[in-house]
Amino acid sequence: MPGLGTWLAAFFTLCMLSFLYKDNPFFRLAESFFAGLSLGYYIGIVMNQTLKPNLVLPLIHDFQANWHLVFAAGLGVILYFRYIKRVAWVSRWALAVYVGYYVGVNMMQKLHGEVIPQVGDTMLSLSYHGIGTLWNLVMVIGVLSVLIYFYFSTEHKGVIGGISRIGIWFLMISFGAAFGYTVMGRVSLLIGRMVFLVNEWARPLIGLIT
Amino acid sequence: MKRQIPLLLTFLAGAIPTIAFFVPQKHVGLVSTTLDSWLIIVAGFALLLGVVNVVQMNTNKIKRQASGWPYAIVLLAGLAIMGFFGVAGAFDKFGGIATRPDGSSTPFDWLYKYGFLPLQGTMFALLAFFMASASYRAFRARNTEATILLIAALLVMFGRIPFGEMVSKWFPLATEWIMGKPNMAAQRGIMIGAALGAASMALRVILGIERSYLGLGKGE
Amino acid sequence: MQIDRRIIYLFVAIGTILPIIFVIGLPVSITPPVQMAFDRIENQLQKGDIALVSFDYGPSSAPENAPMADAILRHCFSKGIKVVVIALYPLGGLSEAVNEVNKVVAEFPELKYGVDYVNLGYKDGAQAAMKKMAENIHEVFPTDMNGTPLDELPIMKNIRTYRDMKLVVSLATGIIGEWWANLVNAQFGIPVIVGPTAVSAPKYYAYLEAKQMAGLLGGLKGASEYERLVVNSYPKLAEVYATPGLYTATKGMDVQSIVHLIMIAFIVFGNIVYFTSKRKPRKAS
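Protein chains in written order, with the numbering used here: chain A, 15 to 224; chain B, 105 to 324; chain C, 1076 to 1360.
Do not take every clue at face value.
DSS-like mimics (lysine-lysine), calculated; alpha carbons at most 27 Å apart, straight line [to be verified]:
1) C/K1178 / B/K217
2) C/K1178 / C/K1232
3) B/K217 / C/K1187
4) B/K165 / A/K36
5) C/K1187 / B/K197
6) B/K130 / C/K1232
A few chain B positions that, by computed beta-carbon distances, are all more than 12 Å from chain A [to be verified]:
7) R168
8) R241
9) M270
10) V271
11) W274
12) G319
Calculated directly from the structure, the hints in this document are not laboratory data.
Glycine included, every Cβ here is placed at the ideal spot set by N, Cα and C.
For reference, chain A alone in the conformation it holds in the complex (with noise of 0.2 Å):
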């Protein structure tokens, strides 16, 4: 017999699914109570695994070697003050060393492990070494007018026009197949459910009443 949590993972389930023949109060209940678990999931983990053991505990055992969080907890703390009409103005102080942070590490993320390695490896050998040349030559040929269709500050015609629309066919050939490999990853998300309701779900039930 299937126990009380499979019970519910399997309303829960068919709420869901409901929805395919059209919307519906349990759907909607199923949907506002799954918006509200993911909330509850975000303050358990957070607190758990990072306020807990990197702020709290760190501030408690050992305070001389570690003074400086008081800086981080007041940051995080004041990015809560956007709440508070008379001092929101503060949590932008907050904001600007969170986004700052992380425009800066994306930026050389960017420039150094994306572009300079992804440029570096598409300079490719184009002398002839049998069909691998003609591979080399495909790879080139599709960076760069895709690269060229993505420029806007030209109008794309004549010799750019041309090029821009082989960019185009490349970009049609990545897009079909991005939406081979999207089919292949929603009905993989199915099967994960699917195998739930008959295996752990129906097939109990149906042996019990069997």
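Place chains B and C on chain A using the hints.
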């Protein structure tokens, strides 16, 4: 003051990791890694900002008895239950938020397995149905580009399943070629363009040219 | 020709349920990106080496990423590779890590927590945490997920930075997998294998080609290929994967095949109807 200080803080917070990247000097590295530690904590606080917002919105909805207000109660109930066990876990009550040493689930983990997981899993599983319906209705070979897209999609969908290989070994080979050559080239082009755009936007933010994230317009 | 969308949904639902009940057992062929990932662990890592496995996914992609995680963990444990588990995805990463590790570890009763594997739990900040781990992992994760200080765990005694590990494996939904490649591998040099969802997989081919990744497991197909590789190499795992009722990516590919064929049929049918309806007005004139 209200404008200048945030812009200065953005500049410092953005410049420190950038300088540390180029200057492998002990004290510069120390400042940068201290900032890393701080931002782990600030990110935790930031993640919970949304909770306050949602609680505010839904309590207002209940007070005003706006359309759909009973569902707001359900939402807050879910938040309260999960949040309670999450906070209790932080105080080592109920065995924490993972599984207990004997393998049994804590209440937080139980709610995750039998509440959160099926709800989110099924929500995303619905997309498979919508995708099938949308593909039938909209996926047409209307012109050259759409035909290329359609052929590539069908080849990948067929080549990636075992049936494709049973029909002919060229299907999986063609799929792998599409993924590794033209798809890779296009994705690389997109990646380079997007990365350059993101890097230039980052520079604009650090230098204070772009200020919209602070709620400030261009002239402010 | 308009077909009620619920008819399409019914076909998809039947196409999903029937192969779950009547298992077909279709063969799975191996692709080079997955073979590369397998070879990296099988040939480049030795017994006692440390691998960092990051659970960067949640329930939204668990049916794809969980089989990958299971296969990678089973491979590592079968080879005697020590595993440090972390999670950087906020919405479910920790719980997925806990449940999958517990499931796999139960199959290896000889393993000891804190000696052969450890679960350090979840940390906010993703990129900040990744950067800081290059300096001192003990400051990012002062304790394991249950609150035990790292100094009390033998496995963590000699692990301070990425230099003390041989490999990072990220099972990822969304962008976190990319950060392991373009931040951690690019700036700190540690080899990275990523198991992304099928939706994200096309983008990762660019990283793989540029050697920013050591291997790629794309979606459920990638997971099934990796399962095939570990089953072929480790007979004990063949018994595990043959357990009745166990959900595996290989079984999932049976279902995947049927549903793909249904969707291909609908797309082709839709186009046939489109072209024939385009021709009809010309015939009338």
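Can you list which hints this structure breaks, lowest number first? 12
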